[in-house]
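There are 2 protein chains.
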Amino acid sequence: MRNIKVIMAYNGAGYHGYQRQNNGDTIQQTVEEALSKLLREEIVINGCSRTDAGVHAREYIFNFKTENPISCEGLLKGTNDLLPEDIAFLEVCEEREDFHARFDCKGKEYEYVIHNSTVKNPFYADTVMRYKYPLDEKMLDLEAKAFIGRQDFKSFCSAECDKEDTTRTIYSFDVVRENDLVKMRVSGDGFLYNMVRIMVGTLVCINEGKIEKGKIKEIIEQKDRTKAGITVVPDGLYLNKVFY
Amino acid sequence: MRNIKVIMAYNGAGYHGYQRQNNGDTIQQTVEEALSKLLREEIVINGCSRTDAGVHAREYIFNFKTENPISCEGLLKGTNDLLPEDIAFLEVCEEREDFHARFDCKGKEYEYVIHNSTVKNPFYADTVMRYKYPLDEKMLDLEAKAFIGRQDFKSFCSAECDKEDTTRTIYSFDVVRENDLVKMRVSGDGFLYNMVRIMVGTLVCINEGKIEKGKIKEIIEQKDRTKAGITVVPDGLYLNKVFY
Chain W
13 MRNIKVIMAY NGAGYHGYQR QNNGDTIQQT VEEALSKLLR EEIVINGCSR TDAGVHAREY
73 IFNFKTENPI SCEGLLKGTN DLLPEDIAFL EVCEEREDFH ARFDCKGKEY EYVIHNSTVK
133 NPFYADTVMR YKYPLDEKML DLEAKAFIGR QDFKSFCSAE CDKEDTTRTI YSFDVVREND
193 LVKMRVSGDG FLYNMVRIMV GTLVCINEGK IEKGKIKEII EQKDRTKAGI TVVPDGLYLN
253 KVFY
Chain X
13 MRNIKVIMAY NGAGYHGYQR QNNGDTIQQT VEEALSKLLR EEIVINGCSR TDAGVHAREY
73 IFNFKTENPI SCEGLLKGTN DLLPEDIAFL EVCEEREDFH ARFDCKGKEY EYVIHNSTVK
133 NPFYADTVMR YKYPLDEKML DLEAKAFIGR QDFKSFCSAE CDKEDTTRTI YSFDVVREND
193 LVKMRVSGDG FLYNMVRIMV GTLVCINEGK IEKGKIKEII EQKDRTKAGI TVVPDGLYLN
253 KVFY
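From first to last, the protein sequence lines stand for chains W and X.
To convert a position in the first sequence, counted from 1, into my numbering, add 12.
To convert a position in the second sequence, counted from 1, into my numbering, add 12.
Chain W with its partners taken away, still in its complex shape (with noise of 0.2 Å):
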């Protein structure tokens, strides 16, 4: 059997999600008929990871088992045609027979973009998240750095995650400007269920003066939700890169 491994990226502000479900489009469903079609056989993928609703990849790795003798450059180019144009395959190639996208994931790189300006840019719709007043994005990333090492990040997890174990290692955790965008970077070995989301809007609630300066670790040490600040909404948000 062949274990095929691939890289994609997609845009997800038309989908519900990655992962399949009875109701709405979602990534897995997309790709699963695409491969199927092109394959002519029922085609179940192995993604690295769930992405909610809004949720934008620029690197998603999956796996999945096929007898089928394709060349991986024909699989890559005949999916991408059956593919939608905001879902694209950007690299295909044969992987060991016990090489599973998730189970064999090390950690993940996510981004958030925040569009700061008080002017709309309606080209950016959907791939942003908007920010009209002025981030201080050199004090914000002083502050982001006590998200770094290994910590119980159950403030920083939506009251619907079911994990038992929230302990989570944030490798790192930068916050850089580039003209009108702020763009948030943190890698670690795992993330919670809106995990990034609610770290980047604990940031803002900083920014804004709602929470205060250097109360970060004292947010953790609480381990309780609502000690944290809004969870921002998905639009912003990337999975840059997952490592193995």
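Watch out, some of these pointers could steer you wrong.
Unchecked claim - Under the rule of at most 30 Å between Cα atoms (straight-line distance), these lysine-lysine pairs were calculated in the DSS-like manner:
1) X:LYS89 to W:LYS222
2) W:LYS17 to X:LYS144
3) X:LYS17 to W:LYS144
4) W:LYS89 to X:LYS144
5) X:LYS195 to W:LYS89
6) X:LYS150 to X:LYS89
Since the hints were made in silico from the structure, they are not lab data.
Since this is a predicted model, take the numbers as computed values, not measurements.
Chain X: place on chain W using the hints.
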């Protein structure tokens, strides 16, 4: 009566064109509803131009009359808050009483954006035309110069066009490359129905060898739509500037 001029930008991907119609969301209707809500009176706007379904605008001008004493800044901010993210008011000012966005318009500039790449970019969806085969932008730039001047553009007008007089003056037509984007920029005193999309489609056909180089003047003289190239998709078309 105050005469208010507005400069706006919009992403047309989600709309059935500019002009109000019975079925489907249009830019005009969405803007009129936001203004009517803000000013608490029924507002009708005079747009500078129609744009087709899926076509975008970086600078679209319209005017409307009101007795409301609201400041131009208040109107800008208030309407932007009511409008969706894909329509943005950029500037609002007061004009002389007889200014009319359409009748006073002296010319326009359009830009057509082609993503010239074998690799799909999911974040360009709906805002470019993707074209897989190499485009020779220097050759096309020379070919496009044949459009310049006062000429009868009947060959470059949709069969649905109901204009008696199909003579227009093209001031400039430039084809430039910016990495994997090829931009075709054309300005003139007026444009027929689908004219820019057929001119771009003709250049694409020349690139493919389906139409011979050096034939544009002959196609213009033939006054026959079937001699020109395809009508390219609306996704890559931007109303760029409006001249008064």
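message = For LYS89 (chain W) and LYS144 (chain X), compute the direct alpha-carbon distance and say whether it is at most 30 Å.
response = 11 Å, holds
query = LYS195 (chain X) and LYS89 (chain W): Cα distance at most 30 Å?
reply = 25 Å, holds
ask   = Taking 30 Å as the top limit, are the C-alpha atoms of LYS150 (chain X) and LYS89 (chain X) close enough?
value = Given pair LYS150 (chain X), LYS89 (chain X) is violated - Cα atoms ~43 Å apart, limit 30 Å.
ask   = Within a Cα-Cα threshold of 30 Å, do LYS17 (chain X) and LYS144 (chain W) meet the stated pairing?
value = Satisfied, since the Cα-Cα distance of roughly 24 Å is no more than 30 Å.
query = For the pair supplied as a hint, LYS17 (chain W) and LYS144 (chain X), is the alpha-carbon distance within the 30 Å limit?
reply = Cα-Cα ~24 Å, so holds.
message = For a C-alpha distance cap of 30 Å, please report whether LYS89 (chain X) and LYS222 (chain W) respect it.
response = Holds, at roughly 24 Å.
Against the hints set out earlier in the document, a violation occurs for number 6 only.
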